[in-house]
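Q: In case you want the letters, here they are:
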Amino acid sequence: MIYSVGENIYAFNSGIEFAQVQRTKAFNAAKLPAKIITRQYNRYLARNAAWMGLTSSEYINMYDYFQKVTDFEPIKQSVRTLASIPRADYHVRYFDNKQVQISENGKCLAIIHTLVGQDELVGDIEYLNNLGDVMMTAYYDWRGFRSMVETYHPDGNIASQTFYDPAGAQVLAVTFMPHNGESQATSWQLLNYHGQNYTFDSENQLFTFFLNELNDVVASTFIVDRPQLAPGVLGIDTPKRTIAYIHDSHLQKYTTSNEYFVKGSYQPVLQPRGREFNIVAVATDQQAKQIKERFPACVVRQLPTIYTTIVEDNAITDLKKVLYVGRLAPDKNISGLLKILAVLKERYMTIQLVMKGYFASTEYEKQILAEIKALKLVENVTLLPYDVQNHDLYHDVGLFISASLSEGFGINMLESMAHGVPVACYGLLYAKDNLVIDGYNGIYSDVLTPHELANKIIRVFDNPLTVMNLKVQAKMTAKRYQAEQLVAAWQQVLN
Amino acid sequence: MIFFINDSLLNKKTGIDQAVIKRMQLFERQNIAYTYVTRDWSQNLHQQLNALGVSDRHLLNMFDYYQQMIDVQPNKTFLADLDFGLKNLRFIDEQNEDRFIVQRNDERLVARVNYQKDDQHVTSVERFDSLGNLYAIDFYNQRGFKSMTQWYTIDHQLRSEVWYTPEGLDVLHATYRQTSQTTVEALGWLLTTPNGQVYQFATITALFEHFINAINELYPEFNTLILDSVTSADEAFTRLRKPAYTVLGIHSVHVTDTRQPATALLNENYEYALLNVAHFSNVLTTTTKQTADILARFPDVQAATTIPAGYVTPERQQKPQVKMNKREFGKIVAITNISPKSNLSDLLQVIKKVHNQIQSVTLDIYGYADYVNNYAEEIKIRQKIIDLELEDVVQLKGYVENLQPALENAQILGITAHCEGFDLGLLEGLTNGVVPVAYAVDYGPNDLITDDQNGCLIAHGDVNAMAEKIVYLLKHQRILQQFSNNAYATPSEYDEANVWHEWATLMANAKEAHQL
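Each protein sequence line maps, in turn, to chains A and B. Residues 1 to 495 (the numbering used here) make up the first sequence, in order. Residues 1001 to 1516 (the numbering used here) make up the second sequence, in order.
Be aware that a few hints might be false.
Listed next, with one range per pair, are the computed distances between beta-carbon atoms [as the list claims (entries may be wrong)]:
no., chain 1, residue 1, chain 2, residue 2, range
1, B, 1043, A, 133, 28 to 38 angstroms
2, A, 133, B, 1387, 33 to 43 angstroms
3, B, 1107, A, 167, 32 to 42 angstroms
4, A, 131, B, 1083, 31 to 41 angstroms
5, A, 99, B, 1044, 43 to 53 angstroms
6, A, 75, B, 1504, 38 to 48 angstroms
7, B, 1272, A, 50, 33 to 43 angstroms
8, B, 1196, A, 133, 19 to 29 angstroms
9, B, 1302, A, 94, 35 to 45 angstroms
10, A, 68, B, 1166, 19 to 29 angstroms
What the hints contain is simulated information worked out from the structure, not anything from laboratory work. As the structure is a prediction and not an experimental result, all values here were calculated from the model. Glycine residues also receive a C-beta, built at the ideal position from the N, C-alpha and C atoms.
Please model the entire structure based on the sequences and the hints provided.
A: If you want it as structure tokens, here you go:
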């Protein structure tokens, strides 16, 4: 089995989760059994995984595993039919589709919240004590069973989280105590697991135990995609192979000089204590070279993270409409993107920018909306909400613009190129030489200012023939990133 | 089914408990099914009850019921049975503390395992987290599994208690807050019933009401429910979900002054129930006089029955009588709890006066000391003994399981209570030929003593008259012997057969009431 080890599958996923999904799907399609492993507890995991196109056999979550629900057949657990409510004794009032109140003699005993986006389905139940404070919360999984119960210390902090199997048996009990001013999980007890209890001091210890359980079934390859999970994976006793995939720059610049140092988050990968990874994988040759220089003992490989499918649907050579798809977050420099648009607008008055993605925070959303107003771009910007399916976006746009200053290898940029839509971006540490080559398949500027990049774009689009050549080469570049190539490249490492 | 409904486990400390124990022993002797219902959780409930001759099949505890452990065999848990989930542990036996210390290799504390000295079976396990905080205490019952866990805050405050089924399902939760250094207040109860419904209760009283309704409904027949611990469920009894024959058990005086039964303030334990007496099918008292007083004052009473709290078994009647000259001269006993109601200061004054005339008189007091106000009454009585210089005359014996040897050695039973319900001690004294000298108060003394026949009744509060009477009796042992003979011949209404007949009649009435 080839496991891609991550934290979670979110409602809004980053490129790392997309890379894991693509890798797992490509491997399975090539008859190399593969699964995604996630560590974090997430009662929306099954929904998110389905959104990402994963079937239950393509991922495994640690909590699901111990709760014996890795292949639980979902049920629609409506509040209306929830058997635990004694309806002959209590009143149930449905205030709206999101909140339900259970009361007796007019006194509220419990509040049920429905699942996010699933009105009427049980999400959680808060049981109130005599003072009206929550004494216990029962959390329901997306798939319709009571999954976890939380209790609280008198100050309201979490005191315990108990995880259940669908039969109602406790399988994992986590205790929380205040420590250094914070509530901290201080005891992890796996209960009656194959007839025995196991006590752990941290979630990481439990995670290592879990990975070993998986590896005991069949010695496997573990590809860790999040550096904080590296110690857990290195704790596996006899894995077939361990691979750490570094998805962004492992280097950070000193503020006081032009020197670079290894980011703290990547130290467990590149400078682990004890066991080391069999292979450290990166997306670009340049990054591989840099790691090799600093860590000569490290086995570094350049391996593709993503693939795409060529679509013949776009012949646009003008700048009526441009596109950005991705997280709307400060590190993606959305403000910078708007400034580029503002410059483009001076030349193309009616230019349209479609931005699709989810905001990192509501504060950031407010900030960006204010900036759109301030730059007088209200008529020029269209915001589309996040979803997984992007194919309809590309057919009528002339250019994909990214103003990100920290991009590793953007799947959205590749997808754009696969549609023949060139990408404009800043010249960056890794992306520039590998994916986007200025004047060949896209546009980039080494001067990191909106004016420079915008003016470069304008110059290119003044000549439709240049644009047409970029489109052809963009597609040619994308052709190098097909599922077969991804599998072939990995197979060299896996064999 | 006939249910006897009580809150705490019988502890023999109160007259009510002793009466209920006697009643259960009677039902056991008659081999008639009954169910003794208790509310409170106790780690060794079954052991305690079995010691009283109550068999498990007659016991239904609320916690047992919801923990689904009605038919579980006794078993013990030992250190080796515990699974701490860690390897390479070290165990240290701290015998002077009756516990094992469980440590990791690095000496971090994992648990303290408390055991019972004799065979080191586990009673509780104090658990410590990775940072060394005591976070939980598991209590093991005598059936070999974890029954309850107490969860603690970092500063050792009890925050919740959770009860488990034998399979380990958590079915009952209570949360608490600390109200003082030594007391906690329950902030809510959360029950998952065997069929998976989740109920919430503000108090254990509300939970108990739910339980009483559940068991009443569980037994399909028309049940008889006898409420012994009245305030624990009197509200519930006024609104049972399924009809039953409900009996209000009056075990003590129902008024603060039995001389003014029509007007005196009501005993707080019975006030609510008596003011709602129309909701009860029957009111059960232990003397005819009390029954009459209640009937006279509360016209809403549907039915009232008198059944003595105690009875005399044929075995007891056949035992040879002990003559006065075989008993210790001047030995006086009192069988009563040391509480203000018992008014033992009067008895001490009486003994002082008797002692002035008869040096060899002694008084032994048998019974628990009332804990109210930090044992104020016991402290008062002990001081009075010193003040009256009776240290060599009066002894506080505490509660004694088998009183018979003491009673067969005593000549006189002294009673100076302001009032009495039935007074099992008095009946026990009579059946052992001890001559009671008592204040003439309702209900027990006036009911059980016929003056100058099987004992002597003295005007309430007349210390001099009582002292004179005792001196007279001690000086006239022939008369004392005659009274003792009469005491042995206690009226037949207290014979076991007759008392059982009353119970049988009550149960027949219940059946009849259902058919009407």
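Q: Quick check on a hinted range of 33 to 43 angstroms for residue 1272 of chain B and residue 50 of chain A, using CB atoms only.
A: Violated, since residue 1272 of chain B and residue 50 of chain A (Cβ atoms, about 59 angstroms apart) do not stay within the stated range.
Q: Do the beta carbons of residue 131 of chain A and residue 1083 of chain B sit within 31 to 41 angstroms of each other?
A: 37 angstroms Cβ-Cβ, so the 31 to 41 angstroms window holds.
Q: Go ahead and decide if the range 35 to 45 angstroms is satisfied by the Cβ distance of residue 1302 of chain B to residue 94 of chain A.
A: 44 angstroms, holds
Q: Should the hint that residue 1196 of chain B and residue 133 of chain A are 19 to 29 angstroms apart at their CB atoms be regarded as holding?
A: Given about 25 angstroms between the Cβ atoms, the range holds.
Q: With respect to the beta-carbon atoms only, verify the hint that residue 133 of chain A and residue 1387 of chain B lie 33 to 43 angstroms apart.
A: 54 angstroms, violated
Q: Given the hint of 38 to 48 angstroms, check if residue 75 of chain A and residue 1504 of chain B actually sit that far apart at their C-beta atoms.
A: 55 angstroms, violated
Q: Would you say the C-beta atoms of residue 1043 of chain B and residue 133 of chain A sit inside 28 to 38 angstroms of each other?
A: 30 angstroms, holds
Q: Quick one: are residue 1107 of chain B and residue 167 of chain A within 32 to 42 angstroms, going by C-beta?
A: For residue 167 of chain A against residue 1107 of chain B, whose Cβ atoms are near 39 angstroms apart, the range 32 to 42 angstroms holds.
Q: Assuming the hint says 43 to 53 angstroms, is it satisfied by the Cβ distance from residue 99 of chain A to residue 1044 of chain B or not?
A: 46 angstroms, holds
Q: Could you say whether the range 19 to 29 angstroms given as a hint is met by the Cβ separation of residue 68 of chain A and residue 1166 of chain B?
A: At 21 angstroms between Cβs, range holds.
Violation of the numbered hints given earlier is confined to hints 2, 6, 7; the remaining hints are satisfied by the structure.
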